[in-house]
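Engineer: Given only the sequences and the hints, what does the whole structure look like? Please build it.
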Amino acid sequence: MLGASLRAGVLAAIEDKTKNGLKYRYEAIFEDNQQQPAKSAIAANKLIASDKVNMLLTLTTGSGRVVAPIAENAKLLHVCATLEDENAEPMGKTSFWQGPTLQSYHRTLLKAFEKRGIKKLALLAAHVGVACVGTEHLADLLKEKGVDVKVECFNPTDRDFRLPLQKYIQDGFEYFYLQFFPPQTDIIVRQLKEQNILPEHMFGSGIDTGTDISVFENINHVGGNSGSPEFVDRLMREYKIDNVYMAASAYDLIGLAIDAFENVQDIKNIDEITAYIKEHATRKCESGDCKLLPNGFIANEAEWRTYKNGKPVPLED
Amino acid sequence: MEYLINIGILFCIYAMLALSLNMVVGLSGLISLAHAAFYGIGAYAVAILMTSHGFSFWSAMLVGVLLNGITAFLVGKILSKFKGDYYAIVSAGLSVIVFSVLLNFKTLTKGPLGIYGIGKPSILGFSFYSSGSFLMLALVFVALFYALFVLIDRSSFGRALKGLREDEELTVFLGYKTDKYKSVIFTLSAMMAGVAGSFFASYIAFIDPTSFQLAEGIFFFTMITVGGLSSAFGSIVGAAILLILPESLRFLGLPYETAAQLQQLIYGALLVLMMAFRPQGLFGKFRV
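Respectively, the protein sequence lines represent chains W and H.
Read in order, the letters of the first sequence are residues 1 to 317 in the numbering used here.
Read in order, the letters of the second sequence are residues 1 to 288 in the numbering used here.
Derived by calculation from the structure, the hints in this document are not laboratory data.
Idealized CB from N, CA, C, for every residue including glycine.
Heads up, some of the hints might be wrong.
Below 25 Å or equal to it, Euclidean Cα-Cα: the simulated PhoX-like pairs (lysine-lysine) are [as the list claims (entries may be wrong)]:
{"no.": "1", "chain 1": "H", "residue 1": "K83", "chain 2": "H", "residue 2": "K162"}
{"no.": "2", "chain 1": "H", "residue 1": "K106", "chain 2": "W", "residue 2": "K143"}
{"no.": "3", "chain 1": "W", "residue 1": "K115", "chain 2": "W", "residue 2": "K308"}
{"no.": "4", "chain 1": "W", "residue 1": "K145", "chain 2": "W", "residue 2": "K111"}
{"no.": "5", "chain 1": "H", "residue 1": "K120", "chain 2": "W", "residue 2": "K39"}
{"no.": "6", "chain 1": "W", "residue 1": "K308", "chain 2": "W", "residue 2": "K193"}
{"no.": "7", "chain 1": "W", "residue 1": "K150", "chain 2": "H", "residue 2": "K106"}
{"no.": "8", "chain 1": "W", "residue 1": "K120", "chain 2": "W", "residue 2": "K143"}
{"no.": "9", "chain 1": "W", "residue 1": "K39", "chain 2": "W", "residue 2": "K17"}
{"no.": "10", "chain 1": "H", "residue 1": "K120", "chain 2": "W", "residue 2": "K75"}
{"no.": "11", "chain 1": "W", "residue 1": "K143", "chain 2": "W", "residue 2": "K240"}
{"no.": "12", "chain 1": "H", "residue 1": "K120", "chain 2": "W", "residue 2": "K93"}
{"no.": "13", "chain 1": "W", "residue 1": "K111", "chain 2": "W", "residue 2": "K240"}
{"no.": "14", "chain 1": "W", "residue 1": "K115", "chain 2": "W", "residue 2": "K145"}
{"no.": "15", "chain 1": "W", "residue 1": "K93", "chain 2": "W", "residue 2": "K39"}
Just the calculated beta-carbon pair ranges, DEER-fashion [what the hints assert, rightly or not]:
{"no.": "16", "chain 1": "H", "residue 1": "S127", "chain 2": "W", "residue 2": "K93", "range": "17 to 23 Å"}
{"no.": "17", "chain 1": "W", "residue 1": "A275", "chain 2": "H", "residue 2": "S52", "range": "28 to 34 Å"}
{"no.": "18", "chain 1": "W", "residue 1": "L22", "chain 2": "H", "residue 2": "S52", "range": "42 to 48 Å"}
{"no.": "19", "chain 1": "H", "residue 1": "F73", "chain 2": "W", "residue 2": "S50", "range": "40 to 46 Å"}
{"no.": "20", "chain 1": "H", "residue 1": "A276", "chain 2": "W", "residue 2": "T282", "range": "55 to 61 Å"}
Now the stretches of chain W that chain H is said to cover, found in silico as 3 or more residues with beta-carbon under 8 Å [as the list claims (entries may be wrong)]:
{"no.": "21", "stretch": "31-38"}
{"no.": "22", "stretch": "44-55"}
{"no.": "23", "stretch": "124-132"}
Structural biologist: Here's what the structure looks like:
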């Protein structure tokens, strides 16, 4: 699910970069880590030792933190598509990560809530990675602005949210902010709809990870930046994917890495490769304006958007 | 080679867990699903003490093992009042409690964000930083655990445990304090799981609560069921099969879109066949 969009971004980047002929031939090998630290380590070691890869790409900070020391030890470039706090500690000397920052998510969301005059909001999140922690931080910011908020983080294995949702509705909550991952994303949105909550009253982060995008029609959200409408169209059509979560980040990271490999003297010299990336990471990206921070995070400003006809559409507010 | 070494390290960690769990389940017949909890406590003790308090790996591991010992002793007092399915349910409850603490006690465990930058062990200035040296160290502990298992298995203590497993009422009638035996073996097993957790944290260098869920406890239980209950060698074989089998499926060249699902399907089917035709496990001396 999440991997399919990342894979599309990787393959699109290789296709685009190699269109006009390059010094080297690029091939992507995919391994499933099932989002487990132990499996991430094994998969990374297999790719390095057996497939002799020149670089590694991971999705989410958790996997990235496991793979970063392995890549550093093997003197290999490692890139990670993720959402992170802009002040997070560096991953490693040979690692770079890219995505919208937590701070930009919150800026975008606060602006959107303020514009709609929302004074009471339920914030529901999965108790995974940065999702719950970030939501609690967002709640603090909303409280400072005088919004009546209630936060609840659900176990990642929870599937039936109907009783807690009914309680929120009974307590007068009309607006819901959601931060989940599949299949919870689809399930909670469906269950909110069952309770007659309008899509316009649901706001999300990670909505774009859903498995059936038609469920999210008209839901406004902030997310892993999708790229231009043309890019989204192309990826969905050519790679037959139904969501583009982090695809643009993967596209940008792989593109940058290919540029580095093509331009350095020695593709085995990790110092030369990281120096090239540091020099060129701040640029115009498919996922927005990319800016390299001192901790190796290539930050984008989060994008506010909705789903229209099954596709992410940027919104002005 | 590096890949095989890394597989070897994980195999050692799983072998330690399988050997320690098999003492409780195989030798004593107590169906414990709490092993993931003790594995987690050991891992978090090392992670927290090494990254935030400057402890060495060994002193952090010692604290983790002692903490596991105390926790298991106290919990074991409660658990020893139960048997059979009830023992399993109560032990599963412990696993859920520990997972919830790891997830929610954010000031200590950093919750779902996890802890990273966990260091490697060293002895007298020699660091086990390379995978090869780490594997050697892990193998030493597997050998120690194996020897301890065999020692207990052949001792009068082990015979009392087996008596408890076969017929608890008769064992009590013969004058054995079965509650004490249950508590001791449970505590010992938990301390050993803490060692495995310490190795895991140091090897992976990043831990979060997802590695210590109840499902992991069931996975460890599957290892000893496949390898064979009450058998030290079976524990080793079970750990090897359950680690190497899914890994070997990576090399089958399955189509990307279906690879993960097919791997799990093949894996599940093999386990079903195994249980249908050899329910006591490959080298088992006892079946639940």
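Engineer: Now tell me if each hint is right for this structure.
Structural biologist: Here is how each hint holds up against the structure:
{"no.": "1", "hint": "H:K83 <-> H:K162", "verdict": "holds (14 Å)"}
{"no.": "2", "hint": "H:K106 <-> W:K143", "verdict": "holds (21 Å)"}
{"no.": "3", "hint": "W:K115 <-> W:K308", "verdict": "holds (21 Å)"}
{"no.": "4", "hint": "W:K145 <-> W:K111", "verdict": "holds (11 Å)"}
{"no.": "5", "hint": "H:K120 <-> W:K39", "verdict": "holds (19 Å)"}
{"no.": "6", "hint": "W:K308 <-> W:K193", "verdict": "holds (17 Å)"}
{"no.": "7", "hint": "W:K150 <-> H:K106", "verdict": "holds (19 Å)"}
{"no.": "8", "hint": "W:K120 <-> W:K143", "verdict": "holds (10 Å)"}
{"no.": "9", "hint": "W:K39 <-> W:K17", "verdict": "violated (30 Å)"}
{"no.": "10", "hint": "H:K120 <-> W:K75", "verdict": "holds (19 Å)"}
{"no.": "11", "hint": "W:K143 <-> W:K240", "verdict": "violated (42 Å)"}
{"no.": "12", "hint": "H:K120 <-> W:K93", "verdict": "holds (18 Å)"}
{"no.": "13", "hint": "W:K111 <-> W:K240", "verdict": "violated (34 Å)"}
{"no.": "14", "hint": "W:K115 <-> W:K145", "verdict": "holds (13 Å)"}
{"no.": "15", "hint": "W:K93 <-> W:K39", "verdict": "holds (22 Å)"}
{"no.": "16", "hint": "H:S127 <-> W:K93: 17 to 23 Å", "verdict": "holds (18 Å)"}
{"no.": "17", "hint": "W:A275 <-> H:S52: 28 to 34 Å", "verdict": "holds (33 Å)"}
{"no.": "18", "hint": "W:L22 <-> H:S52: 42 to 48 Å", "verdict": "holds (46 Å)"}
{"no.": "19", "hint": "H:F73 <-> W:S50: 40 to 46 Å", "verdict": "holds (45 Å)"}
{"no.": "20", "hint": "H:A276 <-> W:T282: 55 to 61 Å", "verdict": "holds (60 Å)"}
{"no.": "21", "hint": "31-38", "verdict": "holds (count 7)"}
{"no.": "22", "hint": "44-55", "verdict": "holds (count 5)"}
{"no.": "23", "hint": "124-132", "verdict": "holds (count 6)"}
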